[in-house]
Structure formats: structure tokens, C-alpha cells
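K.L.:
Please put together the full structure from these sequences, using the hints given.
Each chain is listed here by its residues.
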Amino acid sequence: MTDAASQGRQNDKTLMIGIGEYRVGSQPMMTIGLGSCIGLTLYDSRLKIGAMVHIMLPESAGRTDRPGKYADTAIPLLLKELGALGCKNRSLVAKMAGGASMFEYFGTNLNIGERNAEKVKVLLKEYQITLASEEIGGKVGRSVTFLPAQGGSVTIRRADGTTNEI
Amino acid sequence: MKLSVVQADAIQELGNIGAAHAATTLSQMLGSPVEMSVPSIKVVDIANLGTVMGEESAAMVAFELQGEIQHGGFILFYITRESAVRLTNTMLGLTEMNRPMNEMDESALIEVGNIMVSAFLDATAELLGFIMLPSPPALTIDMAHAAMESLITQMAVEVDDVLLFSTELVCEEHKIDSDIIMMPEHSTLVHIIELLENMMKGA
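The listed protein sequences derive, respectively, from chains A and B.
For what it's worth, the working numbering labels the leading residue of the first sequence as 1, then goes sequentially.
For what it's worth, the working numbering labels the leading residue of the second sequence as 1001, then goes sequentially.
Just so you know, the hints here were simulated from the structure itself, not pulled from any lab data.
Hints may contain errors.
Claimed, not checked - Here chain B is said to cover these stretches of chain A; the calculated rule only asks that three of the stretch's residues, wherever they fall, bring their Cβ under 8 Å from a Cβ of chain B:
#1 28-41
#2 91-103
#3 117-124
#4 133-143
Unchecked claim - Among the chain B residues that face chain A by a calculated CB cut under 8 Å, a handful are:
#5 Asp-1009
#6 Ala-1010
#7 Asn-1048
#8 Glu-1055
#9 Ala-1138
#10 Ala-1146
#11 Asp-1160
Beta carbons: idealized from backbone N, C-alpha and C, even for Gly.
P.N.:
As C-alpha cells, then:
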């Protein structure tokens, strides 16, 4: 997804990002049905490019085969790929959504949504990335659309059809 | 996680028996016939979960599999929001479709899920001689993908793919379409297959 030929070209085909996946570039990107996972976007307004990832867990514990799945491997990787396209950390702006708790019960991985959100925040701070806005927590599923070519807008849609920009 | 044809057949038969019992209880609650599909078995990569469950609004009553196993995976009663309203309308004697779901609906859905999943697991326990009990139920009425990913995240052993074993239960008269979906932990699946294979050898 770091294909230079696709840069700057308006491409209406929306890239769908599944659990643990990520994309980098200027195309519209979308991830559906975030529950306890986090949809994180990074955007460079000067270059009008960005990245989106659907993070499932805070820690990779040494696993490297699916870097987009974990906060601690996803964020450095996105920064590296954006860096290769000319983005500087200090010019990147982050937005995030998700981290909900869909079920009230169940016990092997308590408050995973909250832990995901906390880990992402700690890492963004560590890499000195500004977190511009967030919509985290609650008991609600969220789909997120990210439009790097159009000012990096991030729109959330819920099951009841309501939408808002963050 | 790959199943041989024989293993898949055995699991399918197990699902047939479980779902038939669940269908009977649903039929009794609705007072009308309920048809069931052939159980389907899918191994789904988590990145492609969206191809199985998307943004559709659905009610899910989820249970952790417990009993002789500690964290055995999950089993859930899945019903689209529209069917869920029809189901509770039928049970509560209402007709209005365009209404928000309230506590009465939630209690009714949890009760239906509880009865059906208990019937399913009773039947499989009898067949396998291996007792899986449902945890207390948890309900969510929201985007199907969001609910499912949250359950996958709570599995005892972290996974990149899940085995979804589902049977569709349909009541034509009231236009109610629902599924019972089992998502076992890998170790639970291995154990169930072992038991089934031993049964077949003994037969």
C-alpha cells in the first residue's frame, strides 16, 4: 500500500481493513464493526496521506507475523511506513475510535477495550504524536471511514445509523 | 485449524442433534413449526470476519462454554434485529415493528437464548458423555461484527482464525430467522473430535 503511483490520485475504491490489518496511502479507507478493538488513523495534512489500522490487542508479546493486530507493533510500523513516504512524526495527527465493552459479562480478558485504548495513548505519547480526537468506550459498535485525500476526515457510524465526524 | 471430511461430518452430526433439540424448544415457545438448516462449519481468519458478520444490527445472547472444561469457547444465539422484534412481539403479544427494544425485549431474548442453548448443550452432553454448561448469558443488540470481535478477543488462547459452527433455525409463520453459533477453543474442538472418533470406532 506504499505504492507511489497511487499517491495523489483520487481513487474512489475504498480499502477495507479487517481485524489486525492496516493500510497506508491516500485512498479512502474503512474498517467496520469495531467492538473492543481500536480503529486508529494517522494523518499528514501537508502530504494528504495517512494510515489506518484495526488493532485487536495491546501487546504482541514477541509475535511478529501480524503486526497490525497489536498496538505495540502496529504503531511503530505505521510510523515507519509513513516515514518512508516523507511524513514526520510531529506533523502527524492521530484519531481513534472503538475500545467498547460489548458484553457486560465474561472473564478471561477483562476490559480489553479500555486496555487497548490506554496502550495506544501511551504509545502515541511516546512517539510524540498528537491525538486530535477520540471516541472510545461505551457499549456500542462503530464503523470508521477515513478520507486522507479530503482533509483526513474521520467519520463514525453506529448500528442505529447515526454518524458523526471526530 | 483444518478438519478432515470425517471429522467435519462427525461435528455436523453433533450439531444436528444439538440444534434439533434447540429447534424443538423454540417451536414450543412460539407455538409454530421451526425448520433447521444443515449445520455449517467455517474456519474464518479474523481479518475476514467481516465477510461472515458485518454491520447488520443483531441481537446476540452469548455464553461461555464451561463445565468439564474451564474456558471452552463460546456459544451464542444470534438473531437479526428485525427477527428479534418479531420474536419478542410473538411472545409478548405485540404487533408494532417500528419500536425501540426495551427491557422486556431483552429479558425475553435472554430467556429464549438460555433455553435454546441449554437444550443444545444437554443434547450434545448426552451424546458425547462430556458435559459443557453455559455460563450466565450476556446480551448485546448492536453491530454483529463488533459483538463477535469482542468475543474472539476474549478467547482464552489468542487466535488468528476461529471455527464457527452454525445452524440456522427458521420459523416461516412468524418470519423469524436465527442461528445457534458455536465457537470452541481449539482445545475444546480437539477434545470433541476425539470423543466423536472414539464413538465411531466403537460403533
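K.L.:
May I ask which of the numbered hints given earlier this structure violates, with the numbers listed in increasing order?
P.N.:
The structure conflicts with hints 3, 5 and 6, although it agrees with all the remaining ones.
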